[in-house]
Amino acid sequence: MALTVTKRSSVASWSSRVRARWRDASVAWIWIGPAVLLVAAFLFYPMINTIWSSFFNADTTRFVGVANYRQIFTNASMLEVLRNNLLWLVLGTAATVIFGLLIAVLADRVRIESIVKAAIFIPMAISFVSAGVIWKFVYQYAPPGQTQIGLLNAIITRLGFPPQPWLINPAINNFALIAVYVWMWTGFCMVILSAALKSVPEEILEAARVDGAGEISIFFRIIVPMISPTIAVVATTMVINVLKIFDIIYVMTGGDFGTNVVALEYYQQLFTYNDFGLASAFAVLLLLAIVPVMIVNIRRFRVQEARR
Amino acid sequence: MFPYSKLQRQQLDDLVMKLQEGRIGRREFLRGALTIGLSASAAGALLEACGGGSSPTSSSPGSVDVLNVWGGEELASFEAMVAPFTQKTGIKVNAESTRDLTAVLTTRIRGNNPPDVAILPNPAEMQQLASQGHLVPLDSFLDMSQIRRDYASAWIDLGSYNGRLYALFTKAANKGTVWYNPKQFQSNGYPIPATWSDLIALSNKIASSGKYPWSMGVSSGAASGWPAADWIAEIYLNQSGPDMYDKWYTHKIPWTDPSIKSAFQMFGEIVSGKHYINGAPQSILATGFQEASYAPFTNPPQAYLYYLGDFTAGFITSQFPSLKPGTDFNFFPFPTINPQYQGAVTGGADVAVALRDTSAVHQFIAYLATAQAQEIWVKRGGFTSVNKSVPLSAYPDPVAQASAKMLTNATIFRFGADDLMPPAMENAFWKAMLTFISNPGQLDSILSSLESTAQQAYSSS
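Protein chains in written order, with this note's numbering: chain A, 1 to 308; chain B, 309 to 769.
Where hints are given, some of them may not hold.
What the hints assert, rightly or not - Residues on chain B that point at chain A, a partial pick, calculated with CB under 10 Å:
{"hint": "1", "residue": "402"}
{"hint": "2", "residue": "406"}
{"hint": "3", "residue": "410"}
{"hint": "4", "residue": "411"}
{"hint": "5", "residue": "531"}
{"hint": "6", "residue": "560"}
{"hint": "7", "residue": "561"}
Please keep in mind that the hints were generated in silico from the structure rather than gathered at the bench.
Keep in mind the model is a prediction, meaning the values are calculated, not measured.
Glycine included, each C-beta is placed from N, C-alpha and C at the ideal position.
Please work from the sequences and hints to get the whole structure.
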C-alpha cells in the first residue's frame with residue numbers, strides 16, 4: 001500500500017521535473033538563441049565555406065582535391081611561410097611568457113613596482129600597426145659612413161660596430177620582428193602572472209627560506225608549480241595570439257626577405273593573386289594549428305568546472 | 309493612393325534631383341517643397357532622407373573620392389591641380405592614398421563600395437576592370453570631339469576597351485632618364501655615356517677613384533621592387549627591341565628565355581659591380597626610391613648616377629629647392645645597348661578611371677582631361693602631360709621640356725612591362741627583383757618560379 005503511493009507520487013514528480021527542465025531549457029534557448037545564430041552565421045558558416053573552397057581552384061569553379069595543400073607543402077617559399085609561423089610560435093610565446101614571469105617576480109620585490117609594471121604594460125596600449133611604424137624607424141639602415149637615423153644602428157655604430165640591415169638580412173630579420181611582438185605583449189603576461197604570484201601564500205615562502213632554500217630553488221620548486229595553471233592559461237592565450245600575427249610583418253617588411261607568415265600570405269593570395277583556393281588552404285592550416293590549443297583550453301575549463 | 313497628384317510628385321522628383329546634384333541649396337529645397345504642398349515636417353524629413361549634405365563619404369553628391377598611390381610631393385601636386393575645380397564647382401575632392409592600391413580597390417569593389425574615381429598606375433588593371441564591367445565608360449559623358457583634339461589616337465586607343473573609352477591618361481612618365489649632377493661631372497671631367505659600355509667604363513672610373521658611382525633604392529612599401537623592374541624593362545627594350553618586348557609582357561615567350569636572362573644579368577652588372585653602390589645589396593633594399601634620388605645632389609655627393617623616371621625631378625626640387633634644373637641637376641637618355649634600337653624609351657602613365665556614375669564624377673573627369681588642369685601640375689614639375697594642347701613652354705624648366713620632348717619624339721615607345729602585366733604577375737615580378745638584388749646567383753630559380761607564376765596569372769586573367 002505504501003509502495004504504490006510512493007510510486008505514483010514519484011511518477012508525478014518525475015514528469016513535473018521533466019516539464020520544469022524543459023521550461024528552463026526553452027527559456028535558456030531564447031536567451032542564447034541570437035548569439036548562437038550570430039556565431040553560426042559569421043563564424044561557423046564561413047569556416048565551413050573556407051574549408052570547402054580549399055579543395056577548389058583559384059576561382060572556386062573546379063574541384064582540385066588536395067592540389068592546394070600539395071602546393072603549399074612542396075613550394076619552397078610557402079614552406080618558408082610555415083617555418084616562419086613555427087618560429088614565431090615557439091619564440092614569441094616562450095619569450096613573452098618567460099620575460100613576463102621574470103619581470104613579475106622581480107618587480108614584486110621592488111618598491112617602485114607599480115611604475116615598473118606600468119612602463120612594461122604601456123606598449124600594449126598601441127596598435128600593432130603603430131608599433132610596426134615605430135620599430136621600422138628604430139631598425140632603419142643607412143650604408144656605413146652615412147648618418148644613421150635608425151636608433152639601433154646609431155647606438156651600435158657609436159659602439160664601433162658596422163650598421164646592420166635588421167629588416168633585410170634574412171638571418172636576423174625574423175628575430176627583429178619577434179622582438180617587436182615581445183615588446184608589446186610581455187606586459188600582458190606580466191600583469192596576469194603578477195596577480196597569480198601575489199596569490200602564493202607568503203608563509204610557504206618564509207618556511208622555505210627558513211629551511212635554507214635559495215631564491216632560485218624557491219622560484220623553480222615552489223612558485224612555478226603553484227602558479228602553473230596561470231602559466232598554462234597565459235601560454236595558450238599567447239599561442240593563439242601569435243598564430244594570427246599579420247600587422248607587424250605587413251607594416252615593417254611587407255612579407256619580403258623571408259619574413260612572410262601564413263596570415264599575410266593568404267591575404268596576398270586572396271587580394272593580389274586572386275587565388276581563393278590557395279588562400280582558403282592557408283586559412284585551414286591555421287585553423288588546424290589552433291585546434292589542439294583550443295582542445296587543451298576546453299579540457300582545462302572542464303577540469304576547473306568539475307573541481308567547482 | 310498618394311495624397312499628391314502626379315504633377316506634384318513629378319515636381320518633387322525634380323526638386324530632389326536638383327538637390328542631389330547640388331544645383332540648389334537646402335533652404336531653397338525646403339521652400340520649393342513647401343510650395344508644392346508638403347507640410348514643414350514632411351519637407352524636413354524628405355530633405356534628411358535625400359541628402360545633398362556635405363558629408364565626406366564617397367556616395368555623397370558633393371564630393372569625389374579619388375583612390376591613388378601618390379604621397380608626399382606627388383600628392384601635394386595633385387591637390388594643387390584639383391583646387392581650382394573645388395573652388396569653381398564646390399565639389400570636394402578627397403584623395404585617398406595607398407601603396408597597396410590593388411588590394412584596396414579589389415576589396416572595395418567586392419564590398420560594393422567602390423571609390424568614385426581611381427588613378428591606376430597600371431593600364432593592364434584598367435583592362436581587367438573594364439572587362440569585368442566595373443568601370444563607367446568615359447565617352448558616355450565626355451566631349452569626345454575635344455578629347456580627340458587634345459589626345460593623339462594612340463593614347464585614346466590605349467585607354468579603350470572593346471571600342472569604348474574607359475581611361476584618361478593623366479600623368480605620363482618618361483622612364484628613360486639617368487640623373488646626374490652636371491657640376492660634378494664637369495669638375496671631375498666625366499663624359500656623358502652614350503652606350504652601355506661607356507656607362508660601365510664611367511662607373512669603373514668613378515669606382516676606382518674610391519667614390520660610389522651609383523645610387524639605387526627599391527623600397528616602396530607593398531610595391532617594393534618596382535624601380536628595379538623599371539631597370540629590367542628599359543634594358544630589355546633597348547637590348548631586344550619592341551617585338552620581343554611585346555612577346556615578353558604578353559607571355560608569348562617564357563620568363564626563362566635567354567633574352568630575359570641577359571637583361572637581368574646586365575642589371576646585375578650594376579647591382580653587384582665592384583664598389584658601385586654603397587652598402588649594396590642591403591642599402592638598395594632598405595632605401596626608398598625617393599630617398600635614393602637625393603644621393604648625387606648632396607654636398608658632398610654620395611653618388612653620381614641615379615636611374616628612375618622623369619618624375620624624379622619633382623623629388624629633387626622638393627628636397628633641394630635651391631638647385632637649378634639643367635645646371636645643378638640634369639638627365640641623359642638611357643644609354644644605347646643595341647644600336648638597332650637606339651632611342652627606345654619606356655614610360656609609364658597614370659590612368660584615371662571612373663567607378664561611379666554621378667554628376668560630380670563626370671565634372672571631375674572632364675576637368676582632369678583639360679589642358680588647363682594638367683598645366684597646373686606641369687608647372688610644378690615632375691609631371692609630363694600627353695595632352696597635345698599643353699604647350700612645351702608650360703614646362704617649368706629645360707629638364708622637364710627635354711623629358712617631354714624625349715617622350716613625344718621617341719622612335720620606339722612602350723609602357724613599363726610590369727604595368728602591362730596582370731597584377732598578380734606584376735607583384736611576383738617586383739618581389740622577384742628583391743630576391744635577385746639580394747641574391748643574383750639565384751637568377752635561374754628566380755626566372756623559373758616567375759614562369760610558373762606566369763602560367764597561372766595569364767590563364768586566369
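So, going through the hints one by one against the coordinates:
Taking 10 Å as the C-beta contact cut-off toward chain A, the hint placing residue 402(B) at the interface is violated, the least distance being around 21 Å. This hint is violated: residue 406(B) has a C-beta 12 Å from the nearest C-beta of chain A, more than the 10 Å allowed. At its closest, the beta carbon of residue 410(B) sits 6 Å from a beta carbon of chain A; the interface hint therefore holds under the 10 Å criterion. With 10 Å as the threshold, the beta carbon of residue 411(B) comes within range of chain A, its nearest partner Cβ sitting at about 4 Å, so the hint holds.
The beta carbon of residue 531(B) comes within 9 Å of a beta carbon in chain A, closer than 10 Å, and the hint placing it at the interface holds. Residue-level restraint check for residue 560(B) is violated (minimum Cβ-Cβ distance to chain A is 22 Å; threshold 10 Å). Interface hint at residue 561(B): violated, since its Cβ lies 22 Å from the closest Cβ of chain A, which is beyond the 10 Å cut-off.
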